[in-house]
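Taken in order, these protein sequences are the chains called A and B.
So the first sequence is numbered by our numbering: it starts at 92 and just counts up by one.
So the second sequence is numbered by our numbering: it starts at 92 and just counts up by one.
Each hint should be verified, as a subset may be incorrect.
Put simply, identical chains are the same to the list, so a pair is met inside one copy or across any two.
[To be verified] Below, a list of computed lysine-lysine pairs in the DSS-like style, where the Cα atoms sit at most 25 Å apart:
1. Lys465 - Lys408
2. Lys182 - Lys365
3. Lys287 - Lys234
4. Lys360 - Lys132
5. Lys336 - Lys360
6. Lys465 - Lys238
7. Lys360 - Lys238
8. Lys132 - Lys254
9. Lys243 - Lys287
10. Lys264 - Lys383
11. Lys234 - Lys405
12. Lys238 - Lys254
13. Lys132 - Lys365
14. Lys365 - Lys121
15. Lys476 - Lys360
Hint data in this document are derived by calculation from the structure and do not stem from the laboratory.
2 protein chains.
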Amino acid sequence: MNNFVRNTHKLNKHYIGRLYSQVVTPFEVKAEQGSCVNYDKLIEQFGSDPISEEQIRRLEAITGKKPHHLLRRGVFFSQRNFSDILDAHEKRNSKVPPFYLYTGRGPSSQSMHIGHLIPFIFTKWLQDTFDVPLVIQMTDDEKFLWKDLDQKTLRTMTVENIKDVIAVGFDPKKTFIFNNFDYMGHMYRTVSRIQKSITTSQVMGCLGLTNSSNIGKIAFTASQAAPCFPSSFPHIFRDEKLNSKIKCLIPCAIDQDPFFRITRDISNKLGFQKPCLIHSKFFPSLQGNNSKMSASDGMSSIFLTDTDKQVQSKINKSMSGGGATLEEHEKFGANLHADIPYQYMRFFMEDNDELERIGREYSSGRMRTMEVKKIAVELLLDIIKGHKQRREQITQQTIDDFMNTSQDKWK
Amino acid sequence: MNNFVRNTHKLNKHYIGRLYSQVVTPFEVKAEQGSCVNYDKLIEQFGSDPISEEQIRRLEAITGKKPHHLLRRGVFFSQRNFSDILDAHEKRNSKVPPFYLYTGRGPSSQSMHIGHLIPFIFTKWLQDTFDVPLVIQMTDDEKFLWKDLDQKTLRTMTVENIKDVIAVGFDPKKTFIFNNFDYMGHMYRTVSRIQKSITTSQVMGCLGLTNSSNIGKIAFTASQAAPCFPSSFPHIFRDEKLNSKIKCLIPCAIDQDPFFRITRDISNKLGFQKPCLIHSKFFPSLQGNNSKMSASDGMSSIFLTDTDKQVQSKINKSMSGGGATLEEHEKFGANLHADIPYQYMRFFMEDNDELERIGREYSSGRMRTMEVKKIAVELLLDIIKGHKQRREQITQQTIDDFMNTSQDKWK
């Protein structure tokens with residue numbers, strides 16, 4: 092970090108994103124021309140910290156669980172106060188949850204793509220590992236304010252996306268799913284307290300908004316911030332006196348960090364703990380590792396509703412890191428970083444040894460592109476098949492159980 | 092209106108308030124130095140219309156009721172599309188309400204002052220005259236965002252103010268009272284639609300907000316706008332298909348107009364009728380006719396909780412329009428416009444002949460200041476006594492009846 096950046100950082104950390112040539116906000120991800128997002132630089136830019144080897148070792152030691160492959164492989168790579176969560180777990184007692192998990196989804200498409208599963212898969216692992224309550228926010232209001240979608244369409248999308256979330260396998264006894272349009276009544280007092288603490292220029296700087304932005308966009312940060320505080324869930328955290336002590340851990344893609352940076356700035360003032368975060372990298376598009384998969388671009392995405400044939404065809408046409416000719420491939424090997432089928436394996440293949448073997452063989456040129464694509468197709472078809480099967484089991488009663496506002500969601 | 096003003100008015104009617112030396116927004120009332128608010132100029136400034144003699148005559152003709160003294164005496168003096176309301180009443184059928192009434196109160200003090208009764212007294216008369224549903228919004232969120240008050244204090248203030256509102260004598264079968272903190276859940280979809288249609292610069296220009304205003308203030312207009320549209324009250328307006336046709340009439344003090352000017356601009360776009368308005372002048376403070384009574388200034392106000400002695404003492408010390416000496420008084424008579432006890436009679440004395448007699452006698456100097464003050468004290472004590480008696484009858488059940496969200500509020 093040079094001196095200029097360091098000083099500016101001190102002056103106003105919200106604006107700092109703009110000093111870098113890569114721009115990452117919840118609404119815009121722009122890498123430096125022709126290259127991928129530089130995640131080391133992003134950590135510096137945002138002022139977060141890398142996840143350390145020591146933290147991963149400690150997590151394993153205190154939970155007795157092998158760290159998730161998304162953690163070991165650096166897909167989740169950045170954090171804020173993650174050690175506080177490990178502390179809380181160590182000091183836990185059975186009366187109150189040591190912390191709770193909060194993640195979410197903006198329902199902007201009927202079907203989710205495979206990349207959308209990543210934070211949920213990891214969140215499920217965190218819930219299973221730490222045995223804590225989890226709240227999942229569907230930001231239908233955000234999508235309404237930012238996209239050209241009407242509320243009726245959004246209602247359908249929200250229900251369909253909730254089914255996809257549930258199909259990841261969460262425990263309904265400890266998981267509360269809510270959508271802002273319907274839950275705002277329970278959250279509005281907390282939302283107002285947050286709104287009162289944030290100035291218009293703060294959100295403008297942090298989210299890239301302007302005077303011509305609609306007033307809902309200006310206010311929205313408070314909707315996404317509110318679930319960081321236990322007062323938003325009186326049916327889960329019934330003893331108001333403990334609200335100032337309960338921590339929250341947010342697993343999310345790093346582009347959501349600006350919302351929580353603002354939230355962390357005001358948490359103590361409002362009498363709450365700062366939310367802790369654990370950030371993932373973006374899930375790459377079929378076209379290559381320098382853009383993220385986007386549900387609004389059908390060509391860049393594999394959807395959870397795609398047929399086997401569609402998945403196969405999309406993977407076959409996806410960006411390859413193999414040599415241009417067989418000769419070149421055998422001579423130089425594959426570029427794993429640029430190879431989308433291999434990258435998807437890094438996200439979804441649980442077997443570490445097998446992934447290493449493929450990486451070794453493929454990068455040396457001994458394994459061919461078609462073979463790697465075939466393995467990737469099989470892996471993804473398996474993931475999608477399992478997902479579809481679990482999704483079909485979901486009834487209205489299942490949904491109601493997850494969205495129930497009178498259930499405790501804690502043992 | 093000179094040409095410069097006229098053209099600017101066309102360019103952006105929201106900003107026009109700032110071109111005049113008197114400033115009137117919901118948060119600031121500033122007359123030109125040393126003088127009273129110029130209401131004729133305000134009509135020009137805001138682009139509303141005066142209430143015409145013809146409208147008052149027509150109201151009497153179609154309802155068969157003698158126009159309320161607040162209307163006859165020009166306390167309610169300005170309007171927007173009031174004739175549409177008269178049209179709707181004439182064309183009414185018994186199946187749907189021809190329109191509904193909407194008014195409100197920002198609960199920023201434990202006790203309301205006598206001036207706060209004025210819009211409610213007039214609204215009750217409108218409800219009795221037109222036999223329509225009425226919604227009353229308590230903007231506890233507004234007061235939270237603007238004032239240094241916590242939510243617990245506001246909760247008490249809101250309940251106490253609701254009791255004062257109920258004591259005016261509304262019909263619980265046709266009146267729905269709600270506070271934003273608790274009702275937002277029912278209204279948030281409509282609020283979001285409004286937020287999506289208003290830009291940040293629009294509210295900044297219209298309400299005098301800036302980039303350092305908190306984001307709740309920027310968004311708040313949508314809370315106050317939402318009740319203008321029937322979709323905010325699904326328990327009252329059950330047939331969604333009629334929502335685009337139902338009109339709303341808002342009786343309020345003129346300083347609230349900026350919110351509704353913004354609302355009127357977006358109503359048609361959202362598929363609703365523009366709200367119609369009928370505006371009152373400000374209720375003068377004890378110190379004189381050039382400032383309005385303010386509950387946060389105990390010295391300027393007579394509260395509904397004041398004792399008889401307090402009322403008497405406050406009126407006796409209030410600004411008088413009588414002559415400085417008895418000799419001068421008998422020679423020049425009283426200045427009725429500057430005389431606060433007389434002005435309060437204009438607001439509260441129903442008997443027109445008696446008010447005229449007092450005005451004649453006092454302005455000619457035949458009646459003395461102490462006599463006028465005595466009449467004013469008796470009148471106000473009578474008002475406050477009746478209010479206290481009705482207020483004492485209010486039980487939790489009464490409040491619940493008014494705030495019930497499952498009751499029809501229409502025959």
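Hint check against the structure, violated hint numbers in rising order: 4, 6, 8, 10, 11, 14, 15
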